[in-house]
Structure formats: structure tokens, C-alpha cells
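Chains as they are written, first to last, in my numbering: chain A, 210 to 519; chain B, 11 to 261.
Everything hinted at is true.
Here are the computed distance ranges between Cβ atoms for each label pair:
1. GLY157/B / LYS495/A: 28 to 34 Å
2. GLY112/B / SER425/A: 34 to 40 Å
3. MET412/A / CYS23/B: 52 to 58 Å
4. SER357/A / ASN87/B: 53 to 59 Å
5. GLY157/B / SER425/A: 45 to 51 Å
6. GLY112/B / ILE435/A: 50 to 56 Å
7. THR255/A / ASN87/B: 51 to 57 Å
8. GLU48/B / ASP405/A: 44 to 50 Å
9. LYS37/B / LEU245/A: 39 to 45 Å
10. ASP405/A / ASN87/B: 36 to 42 Å
11. LYS228/B / SER301/A: 47 to 53 Å
12. MET238/A / ASP153/B: 41 to 47 Å
Pairs of lysine-lysine, DSS-like flavour, derived with a Cα cap of 27 Å:
13. LYS380/A / LYS38/B
14. LYS490/A / LYS37/B
15. LYS123/B / LYS476/A
16. LYS500/A / LYS490/A
17. LYS505/A / LYS519/A
18. LYS500/A / LYS512/A
19. LYS123/B / LYS408/A
20. LYS310/A / LYS382/A
21. LYS243/B / LYS202/B
22. LYS490/A / LYS38/B
23. LYS380/A / LYS123/B
24. LYS490/A / LYS505/A
25. LYS382/A / LYS38/B
26. LYS38/B / LYS476/A
27. LYS126/B / LYS476/A
28. LYS228/B / LYS37/B
29. LYS382/A / LYS490/A
30. LYS503/A / LYS518/A
31. LYS123/B / LYS382/A
32. LYS37/B / LYS382/A
33. LYS476/A / LYS37/B
34. LYS382/A / LYS126/B
35. LYS519/A / LYS504/A
36. LYS505/A / LYS518/A
37. LYS495/A / LYS37/B
38. LYS382/A / LYS476/A
39. LYS310/A / LYS476/A
40. LYS518/A / LYS504/A
Worth flagging that the hints you see were computed from the coordinates, not collected in a lab.
Think of the CB as a built atom: it goes at the ideal place given N, C-alpha and C, for glycine as much as any other residue.
Residue-level listing of the chains:
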Amino acid sequence: MAFIDIFNDIWSTLSNVDILIRIALSSVMLLIIVILSLWQNVGMETMFLWSFFRGFIQIVLMGSILTLIFDISKIWLLYIVLISMCVFAAFSISRRYRYPKMFLIELLAITSSSIFILTLVMFSGVPAAFEGIIPYPPQGEFIIPMGSMVISNTMVITSIVLERTKSDILKAKGSVEAALALGDSSTNAVRTILRDSYKAGLMPSTSRVAILGIVSIPGLMSGMIIGGVPPVEAAVYQIVIFLMILSSSFPASIIANALFTRQFFTKEHQFDLVFLNQLAKIEEEKNAQIKKNKKKMDKLKEKLRRKNKK
Amino acid sequence: MSKLNQVIIPTTCLYSLQAVDFVINDKKILSDISIDLEPGVITGIIGPSGAGKSTLLSLLNKLLSPTGGEIFFDGRNLSEYPSQELRKLVGLVQQRPHLFAGTVRYNLEYGPKIWKIKYSDEDLLELMSKVALPADFLDREIDGLSGGEQQRVSFARSLANQPCVLLLDEPTSALDIVSSEIIENTIKQLAKEGMKIIIVTHSLQQTQDLTEQLLFLKDGCFIEKTSTIDFFKKYDEEEIRTFFKSKTEEE
Ligand SMILES: Nc1ncnc2c1ncn2[C@@H]1O[C@H](COP(=O)(O)OP(=O)(O)OP(=O)(O)O)[C@@H](O)[C@H]1O
Ligand SMILES: [Mg+2]
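The following block holds chain B by itself, in its conformation from the complex:
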């Protein structure tokens, strides 16, 4: 869909975090994080469960504000960036799909209605095919959807907003291999079209296939930023397995 690659912001630095802290109920969830993120690559965020990955994503589209330090997006301080405008540009796919009561169509059209983007039925179906949702789902109530189907609707809902940055929080955690592959191809395609993608993942395969650079978080601390290739060179299999521990435990 041509609509998706409309707005691309020319940047030298997509995000810049400077000594970012996030404290909640006197509990330090992220501490002293300083990173620069270049545009043009798919960035993976990895780290054990509870490391603060989801919290970091919420900071990036201002659903949360840092309790210390500063975040710059496209050279502008987030504290001065109007939240709604920012969230139009920076889409977020939540870790758990929280859909709105109603039909799939209602969910997909929710964002576009806010931003006065017109969608025809064909556009909606094309959007759904990107996330491996069959066409007859369009007018189905969300109540009957499986976990994986909900996750795909949630992905499509964020895409419908035509963001230029997409924050993905484990977008394939509830999917089978086939749908995961379709989603992964979509992500690659979007990146090719110029969308900036930051993805939290617990999947070793996804990290290798999709990402070009990695942020490694642990216990709320930023451990390192490396290219994916270097990361897999640097650590042996055993070590890498422990980084992705929570997922392998689940499997």
C-alpha cells in the first residue's frame, strides 16, 4: 500500500536517550540509560524477562515519561513534543493485545478516524493480508478471536495509523511458525519501505533474521549496543541462550 511509506522523517539520529531513569513506587525500573539509535536499521531489544524492555518502549512513545534524564526524538526533546502528534508518528504494538470491544473493522479504523485517514474496504483487506488475517475477519467481533488472531489485529491496528516508526513488543509471541513468518516478512518489507522498526523479542531466530543492531538490557540497566553480527560472534551459544532465557524456558 502506497500510503504506508508517505511520511518519512529525515534524521541523523532517531532517538537519543541521555541518562534516562524510570522510577515507579520508589522502585528503579530503568537506570541511567544512554543510547543513540540511528535510523535505517531494524533495532532489536533483548534481555531477560523483567529487564524493562516494555517500559523502555513506553518511554519512546511517551506513554510514560522518564523520571530522570532526557529523550530526544528526531532531535526534539520528548518533553516538549506534543504527545498525540508523536504517537501518530511512533506506533506501538503492545505486548499483550488489548483490543477495543467491537469488530475487527472498528479496531482497524480507530486510529485512522482520529487522524482523518480514509480507508476503503480494499485498503483494510490489504492491511489484514500483511498480518496474515483472512479477509472474512473484517466484520467479526473480537470476542471470538484466538490469542494469536488478536495479536495480529493489534499489529494491523497500529499499522493502519501509518506511523513512520514502529515499536513492536514481542509481536509474534502467540503465533505459529507460518503466521510468524508472514509477520516477519511484513516487518522486513516495512523496513525496506523506510519505516524505522524497534522490536522487543525473545526469539533467537527472529533476532538473527530481522535485526541489524541490538540493545541488550538487564535488570533495568543498559548493558550494550552492538550490531547483531558482532553479538553472535562475541558470545558463545551457551551465553546467548541465557540472554533469551525466559523464552527458552517457556518453550
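The shape of chain A in the complex, shown without the other chains:
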């Protein structure tokens, strides 16, 4: 019954003319990035369109049932929601980066790290210490938004890390092989590459913390202050969130890297040629896609040129 009400509610709101105008206006921005992507031959047009369309539907649905989820106070039910978020995160990453075993690797990395950190925070003194700001004992209202921030950031950061690791290993294949030829183990031979990948992944979030309050005022904190929470307490809470994001992403990246880089090598500390071959094929498909997009763009340009002549 409740769900039908929710859908009716969504429908009546979305068919409101004011809302439609807002959506149309925002679509102009989407159009701008799509045109830029075509112009610069980035090949991300469909991804932009699809991400925003999908994200929009999801967030509308989520927003509408949020009131239901916020009321969850049964711990096991909260865990089910959190774990489903992890599964979904891993799934969408594995769709974007189609490397072998990507889903499993991301699932293991994201779930273990973020659930561990969230559990730690939930059952430590943190919620109690924030009594009055967040509900205590822990409730959906507090756990779900926090969990979503931790999980989505962990997902993004691990994917940056893995992408970096992949391209660096391929780029440095010769010197990795040189290290192996000296009798180095495969794990040790990629150590500096992994180190750089952590830097690449964690740097953006860390710089975001470093400019907190000067350039950026996070939405969460603003919301809390508007909602009547004293600014200092909201600030402390915000810092806790950032710490959670980093302390979940870092171990998740280590786990993901360990599982991912293992695939590059055989037990005999050699490059696994079958795996490298798979990667090369994936890369080829990606490049073919970009080429196709380029052709599309050329056609479009041609059309415009003809029109101008007329």
C-alpha cells in the first residue's frame, strides 16, 4: 500500500509544470558537457547521459522512500541496506571497468572496509558522543546517509586506484620485468607502482579536507547548521565523516590492489600473458568505441558545414 502511495506521490510531483521546467533548464548543462565531450573526442557522451538519467531516477526513488528507511532501527535491516549498497557499488564499477574479476574484487574491497568502519563507528562511542545531533541508539536516519557517503567515496577511490595501477603496470612492464629478472618477487616488483596509485586515489579527498571551510562548505554540514545544529558541532561531525571516508577507502584500495595485481602474475613470478591479452582486448574495444564516436562527430561537422554553405 505504502509503495503505491509513494509512486503516486512521485508521479504527481514530477508532472508538475514547475518541476518540468527545472529539469529542462538543468538539461541545458547536460547538453553542454555532452557537446564538450564530442568536441574533445572524450567518448563520454553516452556515459554522461546514462549516468545522469539513471542517477536521477535512483535518487528520486531513494528520496521518496528515505522516510521509510530513516525509520529503520533494527540493526540487521540496516546492515542489509548497507550491504546492498556495496553490492550495487561494486556492480556499477565492474560495468564501467570491465577487467576480469572486477566485480568480486570491488565487492570484497568495498564491503569489508566500509562495513568495518561503519560498524566501528556505530558501536563505538561516536553516536553516543554526538547525542542530540544524531539519533542514539543508531538509526537509519544517521547510518544510511553516512553509509552512502562512505561507500560511494570508497567506490570512486578504489576505482581510481585500480585504473592507475593497471595503466602504470602496463607502462612499466619492462622495468617490472627487470626487477623480476633480478629475482624480485612479483609483489615487491610492483610496490612503487602501488604506492603511486594510493597517492593518486587518496589525494583528491585529502585536498578536499585541506581546503575545508575556505573554498568548500560541505552540503552535509550546511544542512545540519540550517537544521539548527550548532556550527562547531556540525564541523566536528563533518570531520568525522571525512575521516571515515579515508579510513574506509585506504584499506579498500589496498585490498583491491592486492587482489587485482595478483592477476597480472603467475605463481612463478612471471607476467601472466593470458591476463595481459585480456586487458589488451578490453583496451582495443574501448579505442574502437572512441573511433566510432569520432566518426559520428565528423559526420555531424560535415552536416553543419553543408548547412552553413546553404
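Use these hints to put chain B with the ligands onto chain A, whose structure you have.
Showing chain B with the ligands alone in chain A's frame:
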């Protein structure tokens, strides 16, 4: 340096390859290679570009494993030989020098650190003199090095590991005559001290000066194994020139 002639394995047969195939992406790169290599001589591997010489070297220190057939080293099947131990004994100088980011010192100490071999600064300098690198290069970043200098660092890096077999993949291809000569003398000296040397080369002069026996590869097939003397008796100049074709074309 006394360190270099420490471990010498007594063998009757250094390597024995039995019907070795190597296939990659359904492409046959080496097919049906059977050779026995005796220790105690400098072995040259020659053949036109793309013959599979570098691939063969990678098989010998197990950076690659044969897709068919078997390789024995010192009487032991390579498939059962622990890779890391093997690579400590069998050094490889890659065709293109892939140095590690950092200083020359970092590169030279990389192998010894794995194997807990201690090097003093004097030891390092002695090592560098063997490959005609000036002493002031020790703490230089590798970024600024020329191609030939990099190649010499790469050679020294493999030597630093104190291997008893050394696989050399065109170690002087980027060097001038003077440094080439120094390297060639070093190779001769190492061989005298008991190190087994297998060298891929495109240089006619190097083949004559250094090697005692030759493996001749072509299109992934093993054509023949002869002593260097017989090889130069058997073929006339024109034929030999075609065997070393890729290099003469470059020159
Ligand atoms: N990873 C790989 N994937 C596909 N083909 C490869 C790969 N490695 C080597 N080959 C092919 O195998 C053949 C032999 O290569 P290899 O490097 O062993 O030749 P080479 O005799 O050392 O030649 P050169 O004298 O030019 O160094 C070449 O045709 C090369 O293109
Ligand atoms: Mg080669």
C-alpha cells in the same frame, strides 16, 4: 672483484631444451627447439630480427615458460625450479635497458638488496668501471642518462647480483666502439672467471671475437648449433651477411 666468481655450479650440461614450443596469441614464436648447451664456452645466439632470440632468453631464466616441451637447467627441470632462485643464478641483461626510477646507485643495489649481498662504495665503483661508467655517475639520476649509458647501467645492475650464468641481449647495441670494447673485455674476463655467458648479438665482429659456439635461429626455428670457427668456414661472406642482416641494414 672476488665476489663475482663465488658460486660456480659444476655441470655437464648447462641447459638442455627438449622440443620447446612457445606460442602466444595462437602465434608460434618458437617451435620445436631441442638443444644441449655445454658450460664453459661463450655461446652466441644469432639470427635475423624477429627470429625469437629474446624470447628464447626469457625462457632460459623463466620470465616466460614454454607452452610445450621442457627445459632443464643444471639437470633440473625448470618447471620445478623456484623462479627467484633461478634468476639469482641466471642474470639477464634486457635488450632495451629498463632502469628503475632513481639514481644509478639505486639501480645497482636493487638486486643485492634482495639477496642480502653487501656492497661498499668501492665495490660499486669497481662494478661501474667494468662497464665503462665514470665514477661520478654513481649518484646521478637515471633520467639524464644517454641510451648507451643506460645500457651500461643495466649491464652493471645484472652483474651486481653475482649470477653464475649471464644472458646478454645485444648488450652493446647502443654503444660506441670504445665502450663496446670495454664491455667485450669484461665479458671475456667474466667468462675466464667461470661465468657462463649466452649472448644475443647482431654484430659480426662480436661473434668472431667473443663466441666459441653459435646457435642459429630463424623464424622461430632452431637451424643449427656450430662452433664459431666452423660457422665462418662453412658459409661464405655473402651468406653470413644475410644472417646478420638486420644490423647491417641499420648501419
Ligand atoms: N608479447 C608478444 N606478443 C605477440 N608477439 C610477440 C610478443 N613477444 C614477441 N613477439 C613476437 O615474437 C617474435 C620474436 O620476438 P623476439 O623479440 O624474440 O625476436 P628477436 O629475435 O629478439 O628479434 P630482435 O633481433 O629484433 O630483437 C617477433 O615476431 C615478435 O613480434
Ligand atoms: Mg631481441
